[in-house]
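2 protein chains.
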Amino acid sequence: MSDTDAPADATSYPVDARNRVKRRHDRGFYDHETVHRLLDAAALCHVAYVVDGQPYCTPTLFWREGTRLYWHGSSASRMLRNLAEGEPACLTVTHFDSIVLARCGFNHSADYRSVMAFGQARLVSDLEEKRRALVMMVDRFFPGRTAGLRASTEQEIKATAVIVMEIERAAAKIRAKGVADDEEDYALPIYAERLPLRTVIGAPEPCPRLRPGVARAPDLAAYREGRSLEDALAEAHAEAYR
Amino acid sequence: MSDTDAPADATSYPVDARNRVKRRHDRGFYDHETVHRLLDAAALCHVAYVVDGQPYCTPTLFWREGTRLYWHGSSASRMLRNLAEGEPACLTVTHFDSIVLARCGFNHSADYRSVMAFGQARLVSDLEEKRRALVMMVDRFFPGRTAGLRASTEQEIKATAVIVMEIERAAAKIRAKGVADDEEDYALPIYAERLPLRTVIGAPEPCPRLRPGVARAPDLAAYREGRSLEDALAEAHAEAYR
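Chains as they are written, first to last, in the working numbering: chain A, 4 to 245; chain B, 4 to 245.
Keep in mind that the hints are not guaranteed to be accurate.
Chain copies aren't distinguished; within one or between two, either way the pair holds.
As the list claims (entries may be wrong) - Quick list of in silico lysine to any residue cross-link-like pairs, SDA-like style, CA-CA up to 25 Å:
#, residue 1, residue 2
1, Lys180, Thr202
2, Lys161, Gly147
3, Lys176, Tyr33
4, Lys176, Asp234
5, Lys133, Glu157
6, Lys161, Ala113
7, Lys161, Met139
8, Lys180, Ser231
9, Lys176, Glu68
10, Lys180, Arg230
11, Lys180, Glu233
12, Lys180, Met139
13, Lys180, Val138
14, Lys176, Arg201
15, Lys25, Leu126
16, Lys176, His98
17, Lys25, Gln123
18, Lys176, Val203
By construction, these hints were calculated from the structure, which means they are not laboratory data.
Please put together the full structure from these sequences, using the hints given.
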């Protein structure tokens with residue numbers, strides 16, 4: 004495939020030099036389904052942006068709506084001042100699935116599923132778009148929750164900056180093969196294993212200052228002790244945007 | 004504190020405009036102990052770097068040695084070609100500890116412990132430094148393991164690029180307070196909770212092609228089913244560098 008842009012279609016992100024998976028290109032996926040599935044199973048991302056030539060890598064909560072990604076922060080933050088005009092950014096999500104112990108140093112590895120998404124990040128300035136985003140910032144994780152909350156004040160809405168980035172390019176990269184040694188090394192008397200990892204939900208800790216009779220709503224049941232966070236997040240996203 | 008550089012001392016990283024925690028500055032820490040503790044409890048980081056004005060955010064395994072951070076990748080990777088000369092980078096580690104459900108949208112939050120480290124990333128070109136780094140790339144996670152592995156070939160050493168970055172600036176940022184609503188909102192009949200998260204180790208999956216009689220070494224016992232990954236990583240780092 005050449006380095007010229009591949010045309011976008013309804014089901015895949017276009018590919019160019021920015022997002023093409025070069026190293027281990029067999030691990031690269033560009034279709035919406037794969038990219039969106041990995042994004043929607045996450046709450047935390049890392050965003051890279053540049054200020055005066057200095058790169059920054061900032062962790063933040065985010066969510067996807069269609070082919071747009073949203074995240075937020077205080078209006079005072081370094082990143083947002085810079086991104087207000089529309090600045091190139093790269094938002095990355097990584098699911099860390101295992102550490103792989105091989106029979107030689109070179110084949111030690113990790114299983115993972117990641118997405119790198121590229122676009123121009125800009126501040127949401129339209130008030131209606133911002134109000135809607137502030138609802139989904141909660142409801143994407145806990146569908147319908149905003150309706151039961153104390154309403155946001157004008158001051159709170161003003162103090163929360165919302166960033167949006169239309170995904171122009173994206174690539175998912177997946178390694179899911181565990182131990183993969185050189186064929187001749189399997190004969191060696193060396194121990195090798197896949198050490199699986201999982202981010203799980205613990206026992207919910209109700210606020211100690213709950214009013215008498217206020218109980219956990221049944222619609223939070225997706226977030227139950229011992230469940231994989233990514234399963235709960237994917238389910239909530241599907242519910243919020245169905 | 005002014006925006007001029009604070010002098011470095013033996014126990015803290017200097018502070019300037021790059022790493023000063025501006026938003027919620029009460030959450031910022033610059034001392035080696037806090038910064039290193041959070042780094043050493045992680046295997047996965049995200050590195051931000053810039054190519055032709057475009058920021059990239061790349062997930063990778065990494066480790067700390069003193070005030071240096073090391074990570075690796077294929078010699079062919081996009082990042083490494085760019086960083087070979089010494090390029091500004093930002094390496095970030097995030098421990099995602101909880102999602103916080105509050106009584107209004109604005110106070111929904113997350114507990115987390117993160118480190119952003121800044122410096123000039125460069126390719127390790129000295130062969131002895133590279134050999135040592137390739138040992139610690141494994142032994143930092145599994146102390147002493149390299150001694151029992153099939154030795155690396157010259158070709159493997161050549162094919163593995165190792166990046167090093169002296170930490171010039173770093174900031175840890177910690178939120179660990181769970182639900183924190185506006186005082187008057189505690190009177191409302193709204194449910195609020197802290198939803199704790201933990202990355203745990205699953206049951207180790209031995210390679211199905213192990214030679215007869217090859218068993219899991221006792222020194223892998225730190226990585227046991229159900230344990231927090233960060234505890235195992237911190238313990239291994241302390242053992243590897245004691």
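When Cα atoms must be at most 25 Å apart, do lysine 161 and alanine 113 count as within-copy, between-copy, both, or neither?
For lysine 161 and alanine 113, the Cα distance is within 25 Å only across copies (20 Å; inside one copy 42 Å).
How do lysine 176 and arginine 201 come out at 25 Å by Cα distance, when the copy is not named: within, between, both, or neither?
both (18 Å within a copy, 24 Å between copies)
Tell me, please, which holds for lysine 180 and valine 138 at an alpha-carbon limit of 25 Å: within, between, both or neither?
Answer is between: at 23 Å across copies they meet the 25 Å cutoff, but 39 Å inside does not.
Within a copy, between copies, both or neither: where do lysine 180 and threonine 202 come within 25 Å Cα-Cα?
Answer is both; intra-copy 19 Å and inter-copy 20 Å each pass.
Pop the pair lysine 133 and glutamate 157 into one bin, within, between, both or neither, using alpha-carbon distances up to 25 Å.
The answer is within: 12 Å in one copy meets 25 Å, while 56 Å across copies does not.
Regarding lysine 180 and serine 231, is the shortest C-alpha distance of 25 Å or less found within a copy, between copies, in both, or in neither?
both (20 Å within a copy, 23 Å between copies)
Within a copy, between copies, both or neither: where do lysine 180 and methionine 139 come within 25 Å Cα-Cα?
Only across copies: lysine 180 and methionine 139 sit 24 Å apart there, 36 Å inside one copy, limit 25 Å.
Identical-chain pair category, lysine 176 with aspartate 234, by Cα at 25 Å:
Answer is within; shortest intra-copy Cα gap is 19 Å, inter-copy 28 Å.
Can you give me the call for lysine 180 and glutamate 233, within, between, both or neither, at a CA distance of at most 25 Å?
Answer is both: 20 Å inside a copy and 23 Å across each meet the 25 Å cutoff.
For lysine 25 and glutamine 123, with the copy left unspecified, which applies at a CA distance of at most 25 Å: within, between, both, or neither?
both (23 Å within a copy, 24 Å between copies)
Status of glutamate 68 relative to lysine 176 across identical chains (alpha carbons, at most 25 Å):
within (21 Å within a copy, 29 Å between copies)
Same-copy or cross-copy closeness of lysine 161 to glycine 147 [CA-CA at most 25 Å]:
within (23 Å within a copy, 55 Å between copies)
Going down the numbered hints, you'll see the structure goes against none, and every one checks out.
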